Amino acid sequence: MLSHASFVLEADRDRTVLQVDGGCAVPNWSFRKFVAEMDMSARGPFDAVLGGAEPFGETEFQAKTGTGARRWLLGRIRSMPDGTFRGLFVTIDGIKEREDRDRVIRHEMAHRFKNHISVVQSLARLSLRHPGMPSDAIDVFEARLMNLARSHDLLDRQEMSGASLRDVVDEAIAPFEPRPGRFLITETPIVVTPRIAKALALALHELCTNSIKYGALSSPAGTIELSWRIDLAKDRADLYLSWVERGGPPIRQLPTRTGFGTRIIRDWLAAETGGAVTIDYTPLGLTLSLRAPLPRVASQNQ
Numbered sequence: 001m002l003s004h005a006s007f008v009l010e011a012d013r014d015r016t017v018l019q020v021d022g023g024c025a026v027p028n029w030s031f032r033k034f035v036a037e038m039d040m041s042a043r044g045p046f047d048a049v050l051g052g053a054e055p056f057g058e059t060e061f062q063a064k065t066g067t068g069a070r071r072w073l074l075g076r077i078r079s080m081p082d083g084t085f086r087g088l089f090v091t092i093d094g095i096k097e098r099e100d101r102d103r104v105i106r107h108e109m110a111h112r113f114k115n116h117i118s119v120v121q122s123l124a125r126l127s128l129r130h131p132g133m134p135s136d137a138i139d140v141f142e143a144r145l146m147n148l149a150r151s152h153d154l155l156d157r158q159e160m161s162g163a164s165l166r167d168v169v170d171e172a173i174a175p176f177e178p179r180p181g182r183f184l185i186t187e188t189p190i191v192v193t194p195r196i197a198k199a200l201a202l203a204l205h206e207l208c209t210n211s212i213k214y215g216a217l218s219s220p221a222g223t224i225e226l227s228w229r230i231d232l233a234k235d236r237a238d239l240y241l242s243w244v245e246r247g248g249p250p251i252r253q254l255p256t257r258t259g260f261g262t263r264i265i266r267d268w269l270a271a272e273t274g275g276a277v278t279i280d281y282t283p284l285g286l287t288l289s290l291r292a293p294l295p296r297v298a299s300q301n302q
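Residues 1 to 302, numbered by the numbering used here, are exactly what the sequence shown covers, in order.
Treat each hint with caution, since some may be false.
Claimed, not checked - Computed cross-link-like contacts, SDA-like style, restricted to lysine to any residue with a CA-CA straight-line distance of at most 20 Å: (1) Lys198 to Lys96; (2) Lys198 to Thr262; (3) Lys213 to Leu226; (4) Lys213 to Arg229; (5) Lys198 to Pro283; (6) Lys96 to Glu177; (7) Lys198 to Ser289; (8) Lys213 to Glu177; (9) Lys96 to Ala69; (10) Lys213 to Pro283; (11) Lys198 to Ala298; (12) Lys213 to Ile264; (13) Lys213 to Phe176.
Unchecked claim - Across the chosen pairs, the derived CB separations fall in these ranges: (14) Pro55 to Gly259: 41 to 51 Å; (15) Arg166 to Arg296: 16 to 26 Å; (16) Ser242 to Ser218: 15 to 25 Å.
Calculated directly from the structure, the hints in this document are not laboratory data.
Here the structure is a predicted model, which means the values were calculated and not measured.
Positions of the beta carbon are idealized from the N, C-alpha and C atoms, including for glycine.
Using the sequences provided together with the hints, build the complete structure.
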């Protein structure tokens with residue numbers, strides 16, 4: 001039984017507790033038994049220390065108090081040179097309650113966001129269905145809207161703290177890759193902020209849409225090389241992302257007008273990331289590069 005809201009313990013080589021809070025002995029209280037009663041999903045780090053595989057372990061778990069109530073604890077234990085073990089345990093019930101409350105709020109916000117998406121979708125269908133509008137206007141708009149919804153779902157799954165850039169890319173290109181091998185991806189792991197995740201998701205959607213109409217994805221042999229890395233200099237750090245199309249129809253002339261999709265890719269992406277976007281229409285295919293300051297795009301939750 002746990003009778004302290006927070007405590008420090010010292011255990012001998014047999015994992016029997018010698019002291020709690022620096023002086024209060026607890027007879028017949030076995031730390032090994034205490035760990036054995038923890039949830040299997042939480043006890044791994046402690047088992048590793050007790051078994052000698054790791055010198056330090058940390059985990060969050062629930063334990064019974066002397067009154068039978070269950071409390072959330074953050075526990076840390078360390079093996080000492082003399083073979084004993086020392087640990088620190090602190091109650092985190094308040095933190096867990098706030099996390100639960102935040103989770104409920106996020107899910108409610110996600111539900112409302114999806115309702116708003118449905119309303120906007122219905123308004124678009126009514127507004128765009130009249131003579132003079134392009135025949136695919138509704139489909140194009142809805143595809144952009146669904147891409148935004150998918151990026152929001154990804155962020156919700158990762159608790160709105162940011163998203164892995166690889167996950168953002170995978171979500172964005174999934175509808176355009178019916179078979180593997182069309183996208184050749186080289187990556188440096190990075191977590192981007194929610195705002196940057198949405199901007200990149202929309203830009204990648206526009207790139208894929210353009211490619212499937214006119215570029216590499218319109219050809220069975222076409223491929224897209226998509227890569228990103230972190231460039232470090234003495235006075236700055238940048239995210240560098242590159243999109244290179246190969247194997248599609250040759251580009252014989254430059255576009256005569258700047259469409260909405262191009263403005264999203266070039267202007268809005270640059271504004272959101274605080275970086276520079278370069279688009280080149282080479283004879284071999286479209287290429288794009290983005291260079292943005294890392295502090296502007298990277299989440300603090302790396």
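key: Numbers of the earlier hints that this structure fails to satisfy, in rising order   = 1, 4, 5, 6, 14
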